[in-house]
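Keeping the supplied structure of chain A fixed, place chains B and C upon it in accordance with the hints.
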Amino acid sequence: MADSTFLDSTELVLNMGPQHPSTHGVLRVILKLDGEKVLGTECVIGYLHRGVEKIGENRTYQMFAPYVDRTDYVAAVSNGLGYCLAVEKLLNVEAPPRAQVVRVILTELNRIASHLVWLGTHCLDIGAITPLFYTFREREMIMNIYEKYCGARLTTHAFRIGGLQYELYDGFEQDCREFCDWFLPRVDEYEQLLTGNRILVARMTNVGVLNAADCKAYGVTGPMLRAAGVKWDLRKAQPYSGYEQYDFEIPTGVNGDTYDRYLVRMEEMRQSVRIIRQALDRIPDGPIMAKVPKVIKPPVGEVYVSIEAPKGELGYFIVSDGSTQPYRVRIRPPSFVNLQALDKMARGALVADVVAIIGTIDIVLGEVDR
Amino acid sequence: MRKLLRRIFLIDLIEGLAVTFRYQHPKYITTEQYPAERPKIAERYRGAPRLNNHPETGETLCIACNLCALACPENLIVVGSERNEQTRRKELTTFTYDTSRCMFCGLCEDACPVDALELTQDFELASYSREGAIWDRQMLEEGPRPARYKY
Amino acid sequence: MATTSWESELTQSLSAQFGDKIVEFCSYLGQNFLIARPEAVIPILDWLKTEAGFDYLVDITAVDYPERPERFELIYILYSFSRNERIRIKTSVPDGYRPASATVVHPTANWLEREVFDMFGIEFEGHPDLRRILMPEEWQGHPLRKDYPILQQDQAWVRENLGIESAQ
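For the protein sequence lines, the chains are A, B and C, in the order given.
Residues 4 to 373, numbered by this note's numbering, are exactly what the first sequence covers, in order.
Residues 25 to 175, numbered by this note's numbering, are exactly what the second sequence covers, in order.
Residues 9 to 176, numbered by this note's numbering, are exactly what the third sequence covers, in order.
In case anyone wonders, no lab produced these hints; they're calculated from the structure.
Nothing here was measured: the structure is a model prediction, and the numbers come from that model.
No residue lacks a Cβ here, since even glycine has one placed at the ideal position from N, Cα and C.
There could be a bad hint or two in this list.
Said to hold, decoys possible - With a Cα cut of at most 27 Å, we get these calculated BS3-like pairs of lysine-lysine:
hint: 1; chain 1: C; residue 1: 98; chain 2: C; residue 2: 154
hint: 2; chain 1: A; residue 1: 234; chain 2: A; residue 2: 40
hint: 3; chain 1: C; residue 1: 57; chain 2: C; residue 2: 29
hint: 4; chain 1: A; residue 1: 57; chain 2: C; residue 2: 154
hint: 5; chain 1: A; residue 1: 35; chain 2: A; residue 2: 347
hint: 6; chain 1: A; residue 1: 300; chain 2: C; residue 2: 154
hint: 7; chain 1: A; residue 1: 57; chain 2: A; residue 2: 239
hint: 8; chain 1: A; residue 1: 347; chain 2: C; residue 2: 57
hint: 9; chain 1: C; residue 1: 29; chain 2: C; residue 2: 98
hint: 10; chain 1: A; residue 1: 234; chain 2: A; residue 2: 347
hint: 11; chain 1: A; residue 1: 151; chain 2: A; residue 2: 294
hint: 12; chain 1: A; residue 1: 57; chain 2: A; residue 2: 297
hint: 13; chain 1: A; residue 1: 57; chain 2: C; residue 2: 98
hint: 14; chain 1: B; residue 1: 114; chain 2: A; residue 2: 297
hint: 15; chain 1: B; residue 1: 64; chain 2: A; residue 2: 151
hint: 16; chain 1: C; residue 1: 57; chain 2: A; residue 2: 234
hint: 17; chain 1: C; residue 1: 98; chain 2: C; residue 2: 57
hint: 18; chain 1: A; residue 1: 300; chain 2: C; residue 2: 98
hint: 19; chain 1: A; residue 1: 151; chain 2: B; residue 2: 51
hint: 20; chain 1: A; residue 1: 239; chain 2: C; residue 2: 57
hint: 21; chain 1: B; residue 1: 51; chain 2: B; residue 2: 64
Unchecked claim - If you want the footprint, here are the derived chain A segments under chain B, 3+ residues with CB under 8 Å:
hint: 22; region: 38 to 48
hint: 23; region: 60 to 67
hint: 24; region: 143 to 156
hint: 25; region: 191 to 199
In isolation and in its complexed conformation, chain A is listed as follows (with noise of 0.2 Å):
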């Protein structure tokens, strides 16, 4: 038969283990390989599962707020105001317009403090080294505003049940102001470090395409799906906390591929900046905190209220059954169901493109594994 030598082309399988310093958290993919080409991935998660969804049913509903700024820890007062959206859909309250507005301003500055970590990181793993310094120091001054606000950089704990807790301190108007007249001409030098490189281009393009119908079909949403060219944000879907009031552009791209997400994600963080400006001209005076009662008790029943987290979608599923404490949360992560498409993605890649579609689907593995 044939003389089969070791010369010949047979399946390398190799691990591309839990602690990496490209894979963004401990995420483990087995690559099938032939040579350099990839020909299967599979992954394999779990490494940080903290059972939080368990830990929900035995707190009571205020207790159970700062567990869930640790799902995704990069971005957590997004996670902050799912979960309140959706207990104060419970309860059938709205918080008072003061504290939607200071809401807004906060989530959209920590969706600029996740696309700042996706971007360092993202050019950190393809081989730019420096915008790692520059974003991060961005991202120290949102993370000295929050510091400010509510008391903590990363794990936040910003908003209560039914509002805020904490009244703006003085000078938060002033701050916020500074950070956006400093920020979008760093955002015009990053693209000129960036955007014309001709290595990022190279390693960039069609890179890990992913094309509208397959996006829908395997449920990815967020940038992902904006750069496939569906122009849809469930901030102009389905808006909620008052962002119907805000004017800002929904940014897409063509193909679908690395390139266009780093595009979409760029002019995101400048529409970001457009909201905070538009927000800030007009917080009203008032209220910071609805009437909520001291012991949450939300009558029996369930409700699914998803937001438009940096990452994707991110939804909380609460079941109650008239006691304190939930009888079940859910939280749909956007990074664990976007990461079924690295499969799809990486088909027929080489192994070095691998790592970049891992850091272009931005992924934070506290929200993958929760």
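Okay, now just chains B and C, sitting in the frame of chain A:
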């Protein structure tokens, strides 16, 4: 033609390098020399817990109402009290706070009705043993004493 | 649950198509859902995707009600881009029942059903690759069931793989 010249002479890479070289100016240094210069912490920062005393009489402000222990998601506060027969009030005897499991969420600080329990700006909470991280009443009133380094 | 009833031309076409396979159409706090019999869920998903434009499966999850005879309640949440509408399909299955897998209709159900299997023990018929996804492979027990206490761990697995006696 212009695109060809841009490609040959590496103009796009040089534009990126121009940004990097502009940042070499010393006014852009953002590094804080940590043990020598302490960072500025905001007033609302949720750091180490502290039991406050009345500023004039020096007695503890805590009325042993146990609301902080009930509010804690991790159940790590234990408040011991005994009833004083003369004043008919509860007096605080022991107060235990487990900083190794604390998430610094601030729910205990929000629950305290008399502002006795407060989360301060201290963030240097390291200890050499697991038992050392469980603070009793005296440690809570004084605060942690991190080592000060002199150069 | 204080539900109100839900009437629209979607419910009329659904009841014309499926008749008594759909038990009830309800709505709670403005969110519409329908309760269906377990064997009809996949045909309903298929019909909704092809005829009504509900092409995006948002989530599959389950809730455990141990005192009911049909212990688990499976919940499918769907969204339609063209109508901008979200509906839920709920069905009750007893312990040991193997519902059909939704991967033939929506490929995104792959990992979502693996997670429901891992956490609740509901096996899906026809799933291409049904194994545990969040817990380790050899773990015994299904954590999100109500009879699994919060401090319980699989002691055999911990002893073998971590080499310690767990303190919980």
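A quick look at each hint next to the structure:
no.: 1; hint: 98/C to 154/C; in the structure: holds (19 Å)
no.: 2; hint: 234/A to 40/A; in the structure: violated (33 Å)
no.: 3; hint: 57/C to 29/C; in the structure: holds (18 Å)
no.: 4; hint: 57/A to 154/C; in the structure: holds (9 Å)
no.: 5; hint: 35/A to 347/A; in the structure: holds (14 Å)
no.: 6; hint: 300/A to 154/C; in the structure: holds (20 Å)
no.: 7; hint: 57/A to 239/A; in the structure: violated (33 Å)
no.: 8; hint: 347/A to 57/C; in the structure: holds (22 Å)
no.: 9; hint: 29/C to 98/C; in the structure: holds (12 Å)
no.: 10; hint: 234/A to 347/A; in the structure: holds (22 Å)
no.: 11; hint: 151/A to 294/A; in the structure: holds (26 Å)
no.: 12; hint: 57/A to 297/A; in the structure: holds (24 Å)
no.: 13; hint: 57/A to 98/C; in the structure: holds (21 Å)
no.: 14; hint: 114/B to 297/A; in the structure: holds (24 Å)
no.: 15; hint: 64/B to 151/A; in the structure: holds (11 Å)
no.: 16; hint: 57/C to 234/A; in the structure: holds (20 Å)
no.: 17; hint: 98/C to 57/C; in the structure: holds (17 Å)
no.: 18; hint: 300/A to 98/C; in the structure: holds (24 Å)
no.: 19; hint: 151/A to 51/B; in the structure: holds (25 Å)
no.: 20; hint: 239/A to 57/C; in the structure: holds (23 Å)
no.: 21; hint: 51/B to 64/B; in the structure: holds (19 Å)
no.: 22; hint: 38 to 48; in the structure: violated (count 0)
no.: 23; hint: 60 to 67; in the structure: holds (count 4)
no.: 24; hint: 143 to 156; in the structure: holds (count 8)
no.: 25; hint: 191 to 199; in the structure: holds (count 5)
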